[in-house]
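Novice: Chains as they are written, first to last, in this note's numbering: chain P, -15 to 341; chain W, -15 to 341; chain A, -15 to 341.
If you're looking for bench data, these hints aren't it; they were derived computationally from the structure. Just so you know, not all the hints are guaranteed correct.
Identical chains share a label here; the pair holds if one copy fits it or two copies do between them.
Below are the DMTMM-like pairs computed for lysine to aspartate or glutamate, each with C-alpha atoms no more than 20 Å apart in a straight line [to be verified]:
#	residue 1	residue 2
1	235	197
2	292	214
3	235	2
4	292	263
5	292	269
6	292	261
7	130	33
8	240	262
Fair warning: this is a prediction, and the values are worked out from it, not measured in the lab.
As a plain string of letters, each chain reads:
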Amino acid sequence: MPFRDLIDFSDIPAGEWDELCSLARSIRRSPHRYSSACAGKILATLFYEPSTRTQLSFQAAMQKLGGTVIGFSDPNVSSVSKGETLRDTIKIVSTYADVAVMRNPVEGAAYAASLYCRVPLINAGDGGHLHPTQTMADMFTISDEKGRCDNLSIGMCGDLKNGRTVHSLSKALSSHHGNTFYLISTAELEMPEFSVRLLSSGDNRVVFCRTIDECIDKLDVLYMTRIQRERFASESDYRSQAGIYVLDSDKMSRAKKDLIVLHPLPKVDEITYEVDDDERARYFEQAENALYLRMALILTLCENYPQKTGFREIPTRPAAARYCSNPMCVSNHERYLPELTFEKDGKRYCRYCEHEC
Amino acid sequence: MPFRDLIDFSDIPAGEWDELCSLARSIRRSPHRYSSACAGKILATLFYEPSTRTQLSFQAAMQKLGGTVIGFSDPNVSSVSKGETLRDTIKIVSTYADVAVMRNPVEGAAYAASLYCRVPLINAGDGGHLHPTQTMADMFTISDEKGRCDNLSIGMCGDLKNGRTVHSLSKALSSHHGNTFYLISTAELEMPEFSVRLLSSGDNRVVFCRTIDECIDKLDVLYMTRIQRERFASESDYRSQAGIYVLDSDKMSRAKKDLIVLHPLPKVDEITYEVDDDERARYFEQAENALYLRMALILTLCENYPQKTGFREIPTRPAAARYCSNPMCVSNHERYLPELTFEKDGKRYCRYCEHEC
Amino acid sequence: MPFRDLIDFSDIPAGEWDELCSLARSIRRSPHRYSSACAGKILATLFYEPSTRTQLSFQAAMQKLGGTVIGFSDPNVSSVSKGETLRDTIKIVSTYADVAVMRNPVEGAAYAASLYCRVPLINAGDGGHLHPTQTMADMFTISDEKGRCDNLSIGMCGDLKNGRTVHSLSKALSSHHGNTFYLISTAELEMPEFSVRLLSSGDNRVVFCRTIDECIDKLDVLYMTRIQRERFASESDYRSQAGIYVLDSDKMSRAKKDLIVLHPLPKVDEITYEVDDDERARYFEQAENALYLRMALILTLCENYPQKTGFREIPTRPAAARYCSNPMCVSNHERYLPELTFEKDGKRYCRYCEHEC
Chain P
-15 MPFRDLIDFS
-5 DIPAGEWDEL
5 CSLARSIRRS
15 PHRYSSACAG
25 KILATLFYEP
35 STRTQLSFQA
45 AMQKLGGTVI
55 GFSDPNVSSV
65 SKGETLRDTI
75 KIVSTYADVA
85 VMRNPVEGAA
95 YAASLYCRVP
105 LINAGDGGHL
115 HPTQTMADMF
125 TISDEKGRCD
135 NLSIGMCGDL
145 KNGRTVHSLS
155 KALSSHHGNT
165 FYLISTAELE
175 MPEFSVRLLS
185 SGDNRVVFCR
195 TIDECIDKLD
205 VLYMTRIQRE
215 RFASESDYRS
225 QAGIYVLDSD
235 KMSRAKKDLI
245 VLHPLPKVDE
255 ITYEVDDDER
265 ARYFEQAENA
275 LYLRMALILT
285 LCENYPQKTG
295 FREIPTRPAA
305 ARYCSNPMCV
315 SNHERYLPEL
325 TFEKDGKRYC
335 RYCEHEC
Chain W
-15 MPFRDLIDFS
-5 DIPAGEWDEL
5 CSLARSIRRS
15 PHRYSSACAG
25 KILATLFYEP
35 STRTQLSFQA
45 AMQKLGGTVI
55 GFSDPNVSSV
65 SKGETLRDTI
75 KIVSTYADVA
85 VMRNPVEGAA
95 YAASLYCRVP
105 LINAGDGGHL
115 HPTQTMADMF
125 TISDEKGRCD
135 NLSIGMCGDL
145 KNGRTVHSLS
155 KALSSHHGNT
165 FYLISTAELE
175 MPEFSVRLLS
185 SGDNRVVFCR
195 TIDECIDKLD
205 VLYMTRIQRE
215 RFASESDYRS
225 QAGIYVLDSD
235 KMSRAKKDLI
245 VLHPLPKVDE
255 ITYEVDDDER
265 ARYFEQAENA
275 LYLRMALILT
285 LCENYPQKTG
295 FREIPTRPAA
305 ARYCSNPMCV
315 SNHERYLPEL
325 TFEKDGKRYC
335 RYCEHEC
Chain A
-15 MPFRDLIDFS
-5 DIPAGEWDEL
5 CSLARSIRRS
15 PHRYSSACAG
25 KILATLFYEP
35 STRTQLSFQA
45 AMQKLGGTVI
55 GFSDPNVSSV
65 SKGETLRDTI
75 KIVSTYADVA
85 VMRNPVEGAA
95 YAASLYCRVP
105 LINAGDGGHL
115 HPTQTMADMF
125 TISDEKGRCD
135 NLSIGMCGDL
145 KNGRTVHSLS
155 KALSSHHGNT
165 FYLISTAELE
175 MPEFSVRLLS
185 SGDNRVVFCR
195 TIDECIDKLD
205 VLYMTRIQRE
215 RFASESDYRS
225 QAGIYVLDSD
235 KMSRAKKDLI
245 VLHPLPKVDE
255 ITYEVDDDER
265 ARYFEQAENA
275 LYLRMALILT
285 LCENYPQKTG
295 FREIPTRPAA
305 ARYCSNPMCV
315 SNHERYLPEL
325 TFEKDGKRYC
335 RYCEHEC
């Protein structure tokens, strides 16, 4: 049984990931061969949080496959503003569509939605938690540009604490071998313990840095991230961290000739304008790759699940007490959700947001 | 001459209603047969008020027929914010489209718009007034599930005063026979006089209830509605009424085995989560039926009116005094509208909002 | 090499303008012949400022050619709110689309965007500066209705100071012959010096008027404009000018039998409701023509540029001082833009906003 919902990058079995990459390359070479592949299919784009990049990319992906798109891009222009549950919204919308993509500021919202969805659901970001199609673009681009995801020196720079893209990328890279990860951040924005543990497992190793300068000459890949205003409690917290890490021509002059610079975009001040014209800057190619991968993903899901499923019977939580200690977890916002946990290394985690509970 | 604009459910002649239902069933059975039926046609969705459900449903309906959609979903992102008249907006947009659907918070806006529209116009809600495609889904689902719309015990519960769906449904059901209507509401939210009169005409009869409990065991159909915050003058007025009527498993245990529960959706607290999994809850099927009926409607209108009409010459009101006493009536907002009234039972009514004037 | 980007009406060489007009007429006669002409192509509509009319018109134009549309209509629902540069947005979006249309409140934004766009870019308004597809509709309608753009008496009325449509139309008409232009405005909203100079060049001549009455009987064309609230510093500045010029039936009774009244729309109070029904009012035809011209334009650009270009290497401005004296100029908002100027008549002008610098 192939995977139906893409909540986390790890939902994709290794073999299917290779097939997705092959398909994405084939689409990149000959887009016209796929221009009717999803004719008559509808993608629902449910964006509870603004994101031009991601939403336009998914719209374009579906349209380039010959399908069409319905959706919203603003929680206020929706029944959400009338107090409807996520469950009801998903039940209805999945009646209209053949595949759905959702972005939501609440952690675990995508997994919760998938329980009630009659069609494949793609997570396009659930708060600070996961963003698997970005990780697909990241992994594909590294592999495409460097020929491998092993034995590389990979820098990650910026907000390593709150940045969901680096957490997701860390998880994906941790199954590869012989890599050295240079984690470049302030003490306040350091990579969380669990990601560091992942990155330093097997024969990979982790080096902590406070500046780009101390490792730039060693890197094969530099993954820059934005310090995201919306993840900070106050403007002053944000201001104190923004602008510390800036990649400029001077730093680039000390980097390897075959370094590649990646960025999930949008970027603000963390990369100076001149660097865009450096051919080692590959973030626009990375964004273009994201388009082909999303096409490959949508096409694969539509082919694997040509029919809607019925509604699954999901037990409702009986007048539940709060069980997940993460206030941002969807289970604390949508109170009907069943209590779901899993155990790992003797600890218990919430199935929605993956925080310890 | 078949009907062109759908302002009120009663605009559909009985014979054409049967044909629409047949077509909707045919589409439900074999959607692929209709996947190019409206190829090259454009639906304009003019939403002056948010409604995910309705708007996505119409978008999906047109796309599943092979057509495309233009439109807006927010009055502020539109020329409306520049002070343009409804008339001008409709004249222009109907030049771009083959069929139009409009939701507007002002009563009578749909009828007013239809005067200036060059293509068929579908009313998707005009304030507290009418919402005919919801009524289509309601009538179709009752008929589909119970095999008839006669000789039934039908409960209507919640905000019967302000709920446009129950008013419109009452009007539609009043032409049927042998029904008993249980009107379940507080004194403050009772069904208006004119709807009660309709429901008790012919051999139908009306029973007033203050609780669900006193009639739940007699019902074949229970039509629940949301207490809508946006229809109340103040938050405290709203709070005093919300939450009075809640359908839960306990009440369902005393209902008939073949009861069907309907709801126009979105719902908030008026139905507990457990009831969703009761197979007598048919509101998600009702929402799916709405999709097929909208497809049938759009297809029928496009076939009946393949060409745009010219602009009709509508006389402009000469420096008119206010004639309609309803402050929410479109004639008091768009002052160029001609004075249009009709007489019934010796009283005079506004043609736009149907209030006595 | 045919033109790729349409920033200003004058970007269209005279020969290509004639071809666009022929194509638009052909589409108007036989729209179905073109219903697959852009199949598989994607138009990106980037609206940083609301405009129902223009955006719906472009959406409909692309869809009537068999293509599809992606885009946004609100700067807040976009990465723009995360501080991304215009350059990055355009680089990414032009990767997804085959042709792009942009409206932006900042002067010169369209030219700036075209530097970074991988596909043809159409300016749908850049602040008070240019709006070439409106000018296309204006010129086409005059020519279509009067058979020529020469030897006419043409009135322009309203906000001649801030109205970009009249400036752009003035420039376009200035290459024609034997016209008399009646400029009807208050002293505060008079046509700027540079437009007056254009209009009075060659054998054309300019007459200044303070009222419609003093010239209405002489006009072949009357181009009315809206006094735009959003172009004024304060509400009281706006109020003092709005409502001065109103075209009504009385004035129309003194006009020529073959006068045509045009208006870029939306209109508010400047034309009374009765005039709409006068057959000399041609603004709805003008709006319909705009649709066919946009179809002709999109089709031509897609045919001329079937492939995306790579990113051009544009030099970044080196830590530049402000060089353009216009605070609304894009070069003062997007600080990486290279300094670009041109000389004319011994003066130096900004290439983006065309103000003297």
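Novice: Take the hints in turn and mark each one as holding or not.
Specialist: Here is what the structure says about each hint:
1. In the homo-oligomer, the alpha carbons of residue 235 and residue 197 lie at most 20 Å apart inside one protomer (7 Å), although the nearest pairing across protomers, at 69 Å, exceeds that limit.
2. Neither within a single protomer nor between protomers do residue 292 and residue 214 lie at most 20 Å apart by alpha-carbon distance, with minima of 36 Å and 34 Å respectively.
3. For a Cα distance limit of 20 Å, the shortest separation of residue 235 from residue 2 qualifies neither inside one copy, at 35 Å, nor across copies, at 53 Å.
4. Taking the shortest alpha-carbon separations for residue 292 and residue 263, only the inter-copy value of 19 Å comes in at or below 20 Å, while the best intra-copy value is 45 Å.
5. Taking the closest pair of Cα atoms, residue 292 and residue 269 come within 20 Å of each other only across two copies (14 Å); inside a single copy the shortest separation is 35 Å, beyond that limit.
6. Taking identical chains as interchangeable, the C-alpha atoms of residue 292 and residue 261 lie at most 20 Å apart only when they sit on different chains, with a minimum of 18 Å there against 46 Å within one chain.
7. Taking the shortest Cα distances, residue 130 and residue 33 never come within 20 Å of each other, neither inside one copy (34 Å) nor across copies (42 Å).
8. Taking the shortest Cα distances, residue 240 and residue 262 sit within 20 Å of each other inside one copy (12 Å), while across copies they are farther apart (64 Å).
Taken one by one, the earlier hints fail for this structure at numbers 2, 3, 7, listed in ascending order.
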